[in-house]
Structure formats: structure tokens, C-alpha cells
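Protein chains in written order, with my numbering: chain A, 34 to 282; chain B, 50 to 424.
Since the hints were derived computationally from the structure, they do not count as laboratory data. Backbone N, C-alpha and C define an ideal beta-carbon position, used for all residues, glycine too. Each hint should be verified, as a subset may be incorrect.
Just the calculated beta-carbon pair ranges, DEER-fashion [stated by the list, open to error]:
| id | chain 1 | residue 1 | chain 2 | residue 2 | range |
| --- | --- | --- | --- | --- | --- |
| 1 | A | Pro207 | B | Ile408 | 30 to 36 angstroms |
| 2 | B | Glu130 | A | Arg268 | 25 to 31 angstroms |
| 3 | A | Gln174 | B | Ile218 | 41 to 47 angstroms |
| 4 | A | Glu141 | B | Arg199 | 56 to 62 angstroms |
| 5 | B | Leu91 | A | Leu235 | 31 to 37 angstroms |
| 6 | A | Glu103 | B | Ala105 | 24 to 30 angstroms |
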Amino acid sequence: MKPVLEIESVVARFGAEKVHDGVSFSVQRGEVVALIGASGTGKSVLLKEIIGLVRPAAGRIRLLGTDVWEASAAELNELRRRFGMLFQDGALFSSLSVAENIAVPFRENTDLPMDIIAPLCGFKLALVGLPPDTGRKTPAQLSGGMRKRAALARALALEPEILFLDEPTSGLDPVGARAFDTLVRVLSDSLGLTVFIVTHDLDTLLSIIDRAIVLSAGKVIADGPVSAVMKSGDRWIRDYFSARAPQPA
Amino acid sequence: MSTAAGWIEHEVEDGADVLYLEGAWRLSNLTAIVLALRSLKLRASRFVLDGSRLEALDTAAGFMLYSHLARLGCTETMVDERRFDPHHERLLKLVHERMKCPPVAARSVHLGLVQRVGAAAISVWRLTRSHTGFVGALTVEALGLVPKPRRFRLRETVSQFEAVGLDAIPIVALVTFLIGVVFAYLLGQQALRYGANIFVVDGVGLAMCRELSPLLAAIIVAGRSGAAFTAQIGTMKVQEEIDAIATLGLSPVQVLVIPRLVAITVALPLLVFIGDICGITGGMMVAGWQLDVPPRAFIDRLHDVLPLSALVVGLVKAPVFAAFIAVIACRMGMLVARDARSVGVNTTSTVVQSVVSVIVLDAVFAVVFQHLGIR
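Taking the hints into account, I'd like the entire structure generated from these sequences.
Here's what the structure looks like:
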């Protein structure tokens, strides 16, 4: 089976500083993959390169069979309908209500009439576990956790094949963060969704992830199931996994 | 038996309605699928959904299927699913579970005319009340500075003065000069008919000093600096910097509002004075070119007909305008909610409120000065 996401020796520079120095990995359909690494190792930059916002200096990125940086504008737009992106703080449009936010992708990319879009938006809210009256609120009236769920509903609107999440649990309380993780896993299992998560959250990693990719000094230093990555000899990885206070036996 | 355009085939087996789902049940085909669903004639007794001919299924299509069945009065016990691909089955199960909460309308509520007028009246009343409260708080904070004058932020005040006053000089000078030119020109056209050219001096001098220069300078400052104050303070509010100031034991009013208030109150009269000079210069140039009133004669005449009181009236109004602009702008900045849009909304509101209040104040001043016999 062809991977849904292939990264081949990607190089990125900011001025003289090399952020990525030959990053390569691939993601198979239906996998839930986490990209981890210390702050400043360019995780978010890599995400932006994948979804076509920041151009890498060299290398190839194939997403759902399309080369992101060789594609024409029309191909890129076609591709954009097939993946969903959840930005760090949700990035809901503040001038629209939550339901209108979710309606935006339907209105812009489909020719569905309003009497189909409206109930669909309500359903998307229910799908991410938000109560129905959330739709009428403005994003400013929501708590951080609800904002992320609402943004996830918007990201899921066009039935994406692959979902990108940038730090989905940052700023959430542990209970909310675990609930969000579970939601992502349930959606992935039921919808056959491929999920690519950039995260710092150790609990996310241990609970819902199939595979972890570790980025350090511009390179992938470990790639495999979490249990295998944990055994890696790298110093940063050791510190990372032992950063959590020891659990009582 | 009946076929709905390639999406659903409907047969009756053992007294149950069997729906064979066919093709790709995807969002891109949703309009056709909904039409197919609506064209079905079902007897709403017992349903079997057969997934053996299904090529693809997503949540949107699954939702539409179930919500259509629910609208027909179908309950959970009346529907059976059979021969679905395991993936599709899981998806349908999730859709079914999550659908139990009723969906909501996506449109926001639109208010009628009466409701809009009422809501606007209430919000104006609330705003006025909150501005008044703010003036009170501002007074208390300002009085708090009297025993501890060292807390007054001179550096911040000077830097605000530079932005509000010095940086505004070119635009104020240009605008008042041009208005002086236009005013003298129009007035001159009329005066020329009666051979009363020299009276243009009276008109230009009085109008610029008493009304035009104070109003123009105040409106420019409201648009330039009032908007800037709201945007600056509002952005700080969004980023919780105001809370940080309070947490550090400082008063946000003393740190942010009072320097701006002082700076603008000092700067506006100076701008008005510059405006007076530029406006009269504009008038003088037109008088020289078009009306045979040489600058020398213009200035002599100005000396005779422009009372000092006219200049003072203009300069007295300026700090009052300035204080209103500063209070409105800073208050609107503080009222910014924690989202990006509200910074823009409040900045716009600041400009509207301050321009309106400057003009209202100007009218009040005109009446009061008339009654006091000040001309």
C-alpha cells in the first residue's frame, strides 16, 4: 500500500540557520503518528511545509500522492480539500459563530444547499462531542478545550483523509486533554482517518499513538512504536521520557 | 422494486423495507443522495440497510441517511444493518451514537427593527454609564498621584506627546492651510460682488480661530491618536499585558491612561494654534492673489478685527476635546474582549464616538459662550 505522506530529505533554512537537514519519513493510511522533539527543532515548520504554507529549501513532500511543492495551484486546492488542519489555538474565525465557522468549508467547497449544511454543522458539533447550543456562540465565548473541539469539527467538515494536529492538547487541563486524545483515537479508528500530531504531551504519546517520530538537530533520530522509541539511547529521548514524575507502584 | 437514481435500491423482503445502498456515499455526491432519500416511498415499519453494494461511505452521508430515517419516524429498534464492510459499520455506529443530540440551525439570529433600536439604546446607555464610571476611576487615580508625584510617568508622557503632537503637525498644518485657502476663496467670491474684499480677513480670522482649526485638529487627532490608543491598549488587553501590569502592583490607569490623557491634552491646543496660523496663512495667500488684499494690509486688518477672545475661545475648547478623546479611546481599549476582532470593532467605535462627541461639545460651547457674552 502506498503511504499517504512521504517526506524525502527535506532541508529548511532560516537565514544561515539550518532547521531541517535531510528529514525523511513516511506515514501509512490509518496510522496515528506523533512528531516530537525539543522546542525549536522545527516541528511546526515541518507541518507548515507539509500543508503547503512554507516552502522547504530542498527535498520532496508527497501528500496523498501529490507532490505538494510541484503541484499547480488547482492541484494544491484539490489537495487542500482532502486534508484537515487543526491550528494550535483553533484559529476559528472570530467574526463568525461556531456553526458558521463549520459551515465555511461547506459553503466554499461544495454546492450543498443551506438546508443540508445547517444540520450537517450540527452533526459535526455532535461528532466532536460539543453540546448543540455551542453552534450559536462566538469563538470568544468558548473555553480553550471547546475551541479546539469546534476547530476540529471545522477541520473534519470535508471528510478529510488525513488530519494534521498542531499541539492539540497544549493549554488544556489533563482531563480535557485526555478526553481530546480519546476523541481523536475514536475518530481515527471509526473513520479510518490518518492522524499526524505535532505534540509535546507525553500522555498523548503513551495513550493513543501508533508510532512516534523524533526530530532533533534537524534530523529524524528515532522512528517507530513508542515502546521502541523509549528504549533509544539518545540523551534527549531518555530525558524526555523520564521527565514525568515517577508513578507510584 | 423502486430505484432512486443509482444510490438506493428499495425492495421488500419478508415484510421489511430493504434498502440496498449503492455507489460512493460521499460528501461530493450528497445533493444527489439527499434527493434519492427524499424520493423513497417507505412504509416505516421495519428497515434493513444492506451495505453489500456500497463503495464508500463518509460521516456526512451516514448522517443524512440516519436523519432521514429518523424524520420518517424510525426508532433505533426498527433499523437493522447487514453486510456492511467493517470500516463502514464502525463509521455508521459512531455516527449513530453521536447523532442523539438534536442538531442546531447554523444561522445566527437576525433581530427585527424594534429589537435593533432597543438593543442599540441599551448599549449606548451602558457605554455612557461605563464611561462615566471610568472618569470617576481616572479622577481617583489622578488624585492619587498628587501626594506621590514621582509615580507620574514623565518618559511615557513625553513619548506619547511626540506621537500625538509633533508627528501630527504636518497633517494638521496641511489640512488647516487648505481649508483656509478654500474658505477665503469662497468668501472672497461673495465679498468681491460688493467690493468688500477686505472683510475676507474678518471671516477667515474668526472662523479659523474660533471653529475650524479646533474642530479640524480634534478630528484629526481623534482619527490618528484616538484609534491608536484603543488599538494599543486593546492589543495589550488581548495579550493579558494589562493583567500583568496590575499583578506587578502597578495601576494600569496610571501607567497607560494618564500619560496619554496628559499628552493629548497638552498637544491638542498646540496643534490648534499651529492650525490657526496655517489657516490664516492660506487665507492670506488667496487674498493676495485673488482679492487684491496684500499680506501687509491683511495683517493690519487682522490686528484690528480679530479679538484675542476669539483665539482664546478656540484654545480653551481644545483641551476639553482632547480629554474626551483620550477618555473614550482608553476606555474602549480597556473594554476589548479577548479576541482579535474586538480590537478592530472597538477602534472603529472610538473614532465614531470621539468625532461625534467633539462636534456635540463644540455646539455646547457655542451656546454657552453666546450666553456668557463672549464673542
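Against the structure, the hints come out as follows:
1. In this structure, proline 207 of chain A and isoleucine 408 of chain B break the distance hint of 30 to 36 angstroms, their C-beta atoms being roughly 56 angstroms apart.
2. Distance hint for glutamate 130 of chain B and arginine 268 of chain A: a CB-CB separation of about 53 angstroms, inconsistent with the stated range 25 to 31 angstroms.
3. Under the hint 41 to 47 angstroms, the C-beta atoms of glutamine 174 of chain A and isoleucine 218 of chain B, about 44 angstroms apart, fit the expected range.
4. Roughly 58 angstroms separates the CB atoms of glutamate 141 of chain A and arginine 199 of chain B, a value that falls within the hinted 56 to 62 angstroms.
5. In this structure the supplied range 31 to 37 angstroms is violated for leucine 91 of chain B paired with leucine 235 of chain A, their Cβ-Cβ distance being about 52 angstroms.
6. Between glutamate 103 of chain A and alanine 105 of chain B the beta carbons are some 28 angstroms apart, a value that agrees with the proposed interval 24 to 30 angstroms.
Hint compliance for this structure: hints 1, 2 and 5 are broken, all remaining hints hold.
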